[in-house]
Amino acid sequence: MTKEQIENGGEEMLIDVPDQEAFIPDGFNANYLKVYYGRLFPHADIFKWMSYGNDGKHPGCDNSYFGRREFSFTLDNDIYLRFQSFNSASELENAIKEKCPFKIDIGPVYSVDPAKRHAYAQGGDNNVFSPVERELIFDIDISDYDDVRYCCSGADVCLQCWPLMTAAIKVIDTALRDDFGFSHILWVYSGRRGVHCWVCDGKARRLTNEQRGAVADYFRVYKGNENSNKKVSLPGPVLHPFLARSYTDILREFFEEKLLSSQQIFSTEERYEKILSMIPDESVTSELRGKWQENRRSSNDINVSWWELLKHMLQSGKNKAQGLRRCVEEIVFAFTYPRLDMEVSKHMNHLLKAPFCVHPKTGRVCIPIDPQNCDEFDPTTVPTLSEVSMYMTDGFLLICVTSCSGELLQELNTGCLRADVENGMLI
Amino acid sequence: MEIVRPHRARTNHHNDAVSTLPLYRSAPSLEVRLEDFELFAMDRLRVLKGISDGLSRGKKPEEMEKLVKDLWKANMGHQDASEVVNKDIISHFVLRLVYCRTEDLRKWFLSMETALFRHRFGRERSDAQRALMAEFDLPCKPVSSAEFENLKEKLSQVARSIIGQQTPTADSIYYKVPFEEVPELVAGRRVFIHKGYAYVAMNQVVSLVVTQFRSNLSKALILTNRFSFKIFTSIMFRLSALVFLISFLYALSEVMHDFVLVLCATKCIIANANIYKLSSVVAFTYRKWTSTIREQEKDRLTPIVEALCISYLGPDYSQPKEFGEISINDLDQLAESSFPLCMRHLFVKLREDHHLKHGGRMQLGLFLKGVGLKLEDALAFWKAEFSQKVGAERFDKEYAYSIRHNYGREGKRTDYTPYSCQKIISSTPGVGDHHGCPYRHFSEENLRAAIGRMGVGSRAIEDVMDKVRNRHYQLACTLTFEAVHGSSCDAGINHPNQYFNDSQKILQAKVNAAL
Numbered sequence: 001m002t003k004e005q006i007e008n009g010g011e012e013m014l015i016d017v018p019d020q021e022a023f024i025p026d027g028f029n030a031n032y033l034k035v036y037y038g039r040l041f042p043h044a045d046i047f048k049w050m051s052y053g054n055d056g057k058h059p060g061c062d063n064s065y066f067g068r069r070e071f072s073f074t075l076d077n078d079i080y081l082r083f084q085s086f087n088s089a090s091e092l093e094n095a096i097k098e099k100c101p102f103k104i105d106i107g108p109v110y111s112v113d114p115a116k117r118h119a120y121a122q123g124g125d126n127n128v129f130s131p132v133e134r135e136l137i138f139d140i141d142i143s144d145y146d147d148v149r150y151c152c153s154g155a156d157v158c159l160q161c162w163p164l165m166t167a168a169i170k171v172i173d174t175a176l177r178d179d180f181g182f183s184h185i186l187w188v189y190s191g192r193r194g195v196h197c198w199v200c201d202g203k204a205r206r207l208t209n210e211q212r213g214a215v216a217d218y219f220r221v222y223k224g225n226e227n228s229n230k231k232v233s234l235p236g237p238v239l240h241p242f243l244a245r246s247y248t249d250i251l252r253e254f255f256e257e258k259l260l261s262s263q264q265i266f267s268t269e270e271r272y273e274k275i276l277s278m279i280p281d282e283s284v285t286s287e288l289r290g291k292w293q294e295n296r297r298s299s300n301d302i303n304v305s306w307w308e309l310l311k312h313m314l315q316s317g318k319n320k321a322q323g324l325r326r327c328v329e330e331i332v333f334a335f336t337y338p339r340l341d342m343e344v345s346k347h348m349n350h351l352l353k354a355p356f357c358v359h360p361k362t363g364r365v366c367i368p369i370d371p372q373n374c375d376e377f378d379p380t381t382v383p384t385l386s387e388v389s390m391y392m393t394d395g396f397l398l399i400c401v402t403s404c405s406g407e408l409l410q411e412l413n414t415g416c417l418r419a420d421v422e423n424g425m426l427i
Numbered sequence: 001m002e003i004v005r006p007h008r009a010r011t012n013h014h015n016d017a018v019s020t021l022p023l024y025r026s027a028p029s030l031e032v033r034l035e036d037f038e039l040f041a042m043d044r045l046r047v048l049k050g051i052s053d054g055l056s057r058g059k060k061p062e063e064m065e066k067l068v069k070d071l072w073k074a075n076m077g078h079q080d081a082s083e084v085v086n087k088d089i090i091s092h093f094v095l096r097l098v099y100c101r102t103e104d105l106r107k108w109f110l111s112m113e114t115a116l117f118r119h120r121f122g123r124e125r126s127d128a129q130r131a132l133m134a135e136f137d138l139p140c141k142p143v144s145s146a147e148f149e150n151l152k153e154k155l156s157q158v159a160r161s162i163i164g165q166q167t168p169t170a171d172s173i174y175y176k177v178p179f180e181e182v183p184e185l186v187a188g189r190r191v192f193i194h195k196g197y198a199y200v201a202m203n204q205v206v207s208l209v210v211t212q213f214r215s216n217l218s219k220a221l222i223l224t225n226r227f228s229f230k231i232f233t234s235i236m237f238r239l240s241a242l243v244f245l246i247s248f249l250y251a252l253s254e255v256m257h258d259f260v261l262v263l264c265a266t267k268c269i270i271a272n273a274n275i276y277k278l279s280s281v282v283a284f285t286y287r288k289w290t291s292t293i294r295e296q297e298k299d300r301l302t303p304i305v306e307a308l309c310i311s312y313l314g315p316d317y318s319q320p321k322e323f324g325e326i327s328i329n330d331l332d333q334l335a336e337s338s339f340p341l342c343m344r345h346l347f348v349k350l351r352e353d354h355h356l357k358h359g360g361r362m363q364l365g366l367f368l369k370g371v372g373l374k375l376e377d378a379l380a381f382w383k384a385e386f387s388q389k390v391g392a393e394r395f396d397k398e399y400a401y402s403i404r405h406n407y408g409r410e411g412k413r414t415d416y417t418p419y420s421c422q423k424i425i426s427s428t429p430g431v432g433d434h435h436g437c438p439y440r441h442f443s444e445e446n447l448r449a450a451i452g453r454m455g456v457g458s459r460a461i462e463d464v465m466d467k468v469r470n471r472h473y474q475l476a477c478t479l480t481f482e483a484v485h486g487s488s489c490d491a492g493i494n495h496p497n498q499y500f501n502d503s504q505k506i507l508q509a510k511v512n513a514a515l
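Order-wise, the sequence lines are chains A and B. Numbered according to the UniProt record's numbering, the first sequence spans residues 1 to 427. Numbered according to the UniProt record's numbering, the second sequence spans residues 1 to 515.
Pulled out of the complex, with its shape left as it was, chain A reads as follows:
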């Protein structure tokens, strides 16, 4: 999305900035944050989402529900306020506008109002204050892939390595829908280097820590750190249908057609030795090294041709030894399979940044990502606070909140600032 798109759209309303031509600072800016919270942040929609139908307007709803949700604010000078709770949309809105938090986190719904937790605490093991509902959440950080991306490291992201996130979204999203049967799923850009996933089905919200851990472990394949050699181990003659589907539908193609070239996987000795270290058979690796050297003079992209040679060697009939059976898949998985932060998903009381916040380090707005169109998402063109403040339009980020048997469906729109709330698109 570009500025042109916004300018050429329907009605615009430029804010009253005294000097239009003056330099608007890019990235994060506290003054613009105030404007953002004042005019653009979707307070009412967040309230509606978090209420899950308990908005006091129809019978059978629980009036205390929203008030038992924990929010936390991180203020300007790193002051951290936990266990904030609000009883209505306006309370939430006023608190945000007044305090102007640099970061807003959302926690679980507790058994009692978090602000009153001390009144219920009895010490010892009788813990009356405990989480009762919480979305199933996932956090994927591209810095966890640093050992397999050569273009960036740490907090940097570019278009060469971002597709790793895209692949991760596809794998997890498909599994959440097809395997686990969830349907109310929101993917959000984290503002800098990753994505978050919120699964909002009632069944998901009511999962216990143990069950959340089970789901996280179901997704867990990569088990490495710098102290171990083999990071992905896929024993067994055949892959579980979930892994097989992920490989066949998403990961193999992504690896072979995009990653091999964009990351230049075989271009240096260090890089191809890394691949060879994943093959547990010395004779195979030395034979492969030989074949690669012969192939050096070929005019094709060595990344592609060397990969073909490797596959041929490992998958041909004579090498069906234990440990080599799934080696090709293991390599592909080591590079491309999603690496989740287990701790985030396993505990109900884990706080996670709210969608539509602004990332304090980059100034980018944490906008939703459509998993059906995630290939088109470009983190480098996500609107920043200053851009958003400069070109404000009526209505804002398209959030369509529809009620579906008492639950809320949060729909999403990739990076488009234009909103047409009256036409509430039903996707």
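Keep in mind that a hint or two might mislead.
Unchecked claim - Across the chosen pairs, the derived CB separations fall in these ranges:
(1) B:Lys-49 to A:His-118: 34 to 44 Å
(2) B:Glu-65 to A:Ser-111: 35 to 45 Å
(3) A:Glu-343 to B:Ser-215: 20 to 30 Å
(4) A:Ser-111 to B:Asn-150: 39 to 49 Å
(5) B:Arg-25 to A:Phe-83: 36 to 46 Å
(6) B:Gly-411 to A:Asp-178: 15 to 25 Å
(7) B:Asp-353 to A:Lys-311: 29 to 39 Å
Stated by the list, open to error - The calculated BS3-like cross-link candidates involving lysine-lysine, where the alpha carbons are at most 30 Å apart (straight line), are:
(8) B:Lys-154 to A:Lys-353
(9) B:Lys-176 to A:Lys-274
(10) B:Lys-73 to A:Lys-346
(11) B:Lys-412 to A:Lys-103
(12) B:Lys-412 to A:Lys-311
(13) A:Lys-353 to B:Lys-389
(14) A:Lys-223 to B:Lys-73
(15) B:Lys-195 to A:Lys-48
(16) B:Lys-383 to A:Lys-34
(17) A:Lys-361 to B:Lys-349
(18) A:Lys-116 to B:Lys-397
(19) B:Lys-49 to A:Lys-346
(20) B:Lys-73 to B:Lys-219
(21) B:Lys-195 to A:Lys-353
(22) B:Lys-154 to A:Lys-170
Hints in this document: simulated from the structure, not taken from any laboratory. The structure displayed is predicted, hence computed values, not measured ones. From the three backbone atoms N, C-alpha and C, an ideal C-beta is built for every residue, glycine too.
Dock chain B against the given chain A, drawing on the hints supplied.
Just chain B, lined up with the frame of chain A:
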């Protein structure tokens, strides 16, 4: 709930003719001699401790099954065959009393009893298993043959992806159950899941049943701890009329749903506080082990209960006793001489990178607390390292709080205990982590190098690696200890702080000998 009557040896009527595997749902009405009270419990505790050891060595399920069978046979027999089931039940309920008192104890007991149940259930015949399944309220349905046909290929794929699992045939029975009911199977990708339902093979049904068992026991443990028994016992001890007693209990049984403690022959109890034969029914109730009860029960049950609890779990090293305080300046030298490999690695990485991720901070931080590092020194130590990477200010804002939290000065003020080997071995270090047990989580190469750096000779390294290959991680650590210190360690290493203390003892002795 059934009314409990004070008569002899009536066995738990949940027993089928088919199976002798009790579910421990309600307390039996049995007579127990005081000496048996303790002996039965000790025998069972040996079984549970054996299971605990087996698990921390990372034994595979088949090995665990054999271990459980052997342990049970060795400890839980009885010369009178009809008493075997009673021993089983009584020992379980006695241990419940012992292990209900704190969160940690409950967690341990729950894990071990669940593991024990799992393996015993697995060895039952399938008709016995089905009968037991019927006892639980399981939310599963057999899969219809039509659905089975549709899914056969996927189910077969799953079966083949698990080593040792049989592929389904036309006669195979599968159950369809919401995935939340079988977290273990989901976590291990051992079932096919579709649209929120898991398809569980007959031989995996164990998991379903075990989850239920665990859940029931967990609730029962909390209840066992909760209710105050003070008033009840004070009344009890004044009673002399058996009739009054029984009618009181009738009324009580309406209120309490599971167990009722019935001390029937009160005359005997009051008459002789040092009673040897407890002619009563042993059914356990909700009770809070307050000091009042401790006083009253002082001569009879308390010493047994307390001894049971402490004797097998070992000290938890939350209060460093022997060496008092250590200062920050000593840390480098202590790390070199007395830290186990896991903590040494973390310490070295911290010095190198001036940072550790959360898992590492917890593991090392609590260890240092156990070693005797005071809060103020700990804060100074971590700050000196972290501020080189993130700055002093950020340290104060983001990291100081959790160090204070570890020492019990923030939040709900729990004084956290340093991690035992079992806990460390079972942790899962991920990207960028350095915690966990190096004997388990390091590659062979890295482990050799690390032990070599500790000064272990090549012969000893081979022995260590041999233990590692057989997944005896704690034994490997013990061998390292022995190699480094030149003396034997008979007890084996179960806790990093134990390694440290033992090491310091030896070094201190050497210093004293030299003087």
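Going through the hints against the structure:
Checked against the given bound of 34 to 44 Å, the beta carbons of Lys-49 of chain B and His-118 of chain A, roughly 40 Å apart, stay inside it. Against the hinted window of 35 to 45 Å, the Cβ-Cβ separation of Glu-65 of chain B and Ser-111 of chain A comes to about 40 Å, which satisfies the hint. A C-beta distance of roughly 24 Å is found between Glu-343 of chain A and Ser-215 of chain B, which places it inside the suggested range of 20 to 30 Å. Range check, Ser-111 of chain A to Asn-150 of chain B: Cβ separation about 42 Å, and the 39 to 49 Å hint holds.
For the hinted restraint 36 to 46 Å between Arg-25 of chain B and Phe-83 of chain A, the CB-CB distance of approximately 39 Å keeps it satisfied. The given range of 15 to 25 Å is broken by Gly-411 of chain B and Asp-178 of chain A, whose C-beta atoms sit roughly 40 Å from each other. Separation of Asp-353 of chain B from Lys-311 of chain A is about 37 Å and conforms to the stated range, judged on CB atoms against 29 to 39 Å. Proximity of Lys-154 of chain B to Lys-353 of chain A is assessed by CA-CA distance (about 38 Å); at most 30 Å being required, the pair is judged violated.
Pair hint Lys-176 of chain B plus Lys-274 of chain A does not hold up; C-alpha atoms about 43 Å apart against a cutoff of 30 Å. At roughly 38 Å between alpha-carbon atoms, Lys-73 of chain B and Lys-346 of chain A are farther apart than 30 Å, so this suggested pair is violated. For the suggested pair Lys-412 of chain B and Lys-103 of chain A, the alpha carbons sit about 25 Å apart, so the restraint of at most 30 Å is met. With a C-alpha separation of about 56 Å, the suggested pairing of Lys-412 of chain B with Lys-311 of chain A is violated against the 30 Å cut-off.
Among the hinted pairs, Lys-353 of chain A with Lys-389 of chain B is consistent with the structure: their alpha-carbon atoms are about 25 Å apart, no more than 30 Å. Annotation: proposed proximity of Lys-223 of chain A to Lys-73 of chain B is violated, straight-line Cα distance about 38 Å (limit 30 Å). For a cut-off of 30 Å, the pair hint linking Lys-195 of chain B to Lys-48 of chain A stands: about 27 Å separates their Cα positions. For the hint linking Lys-383 of chain B to Lys-34 of chain A, the alpha-carbon distance of about 34 Å lies beyond 30 Å, and the restraint is violated.
Between Lys-361 of chain A and Lys-349 of chain B, the direct Cα distance comes to roughly 28 Å. Compliance with the 30 Å bound is thereby established for this hinted pair. Distance restraint check for Lys-116 of chain A and Lys-397 of chain B: the Cα-Cα separation of roughly 25 Å lies within the 30 Å cut-off, and the hinted pair is therefore satisfied. Pair hint Lys-49 of chain B plus Lys-346 of chain A holds up; C-alpha atoms about 28 Å apart against a cutoff of 30 Å. At most 30 Å may separate the alpha-carbon atoms for a hinted pair to count; Lys-73 of chain B and Lys-219 of chain B meet this at roughly 29 Å.
A hinted pair counts as satisfied when its Cα atoms are at most 30 Å apart, and Lys-195 of chain B with Lys-353 of chain A qualifies at roughly 28 Å. With a C-alpha separation of about 21 Å, the suggested pairing of Lys-154 of chain B with Lys-170 of chain A holds against the 30 Å cut-off.
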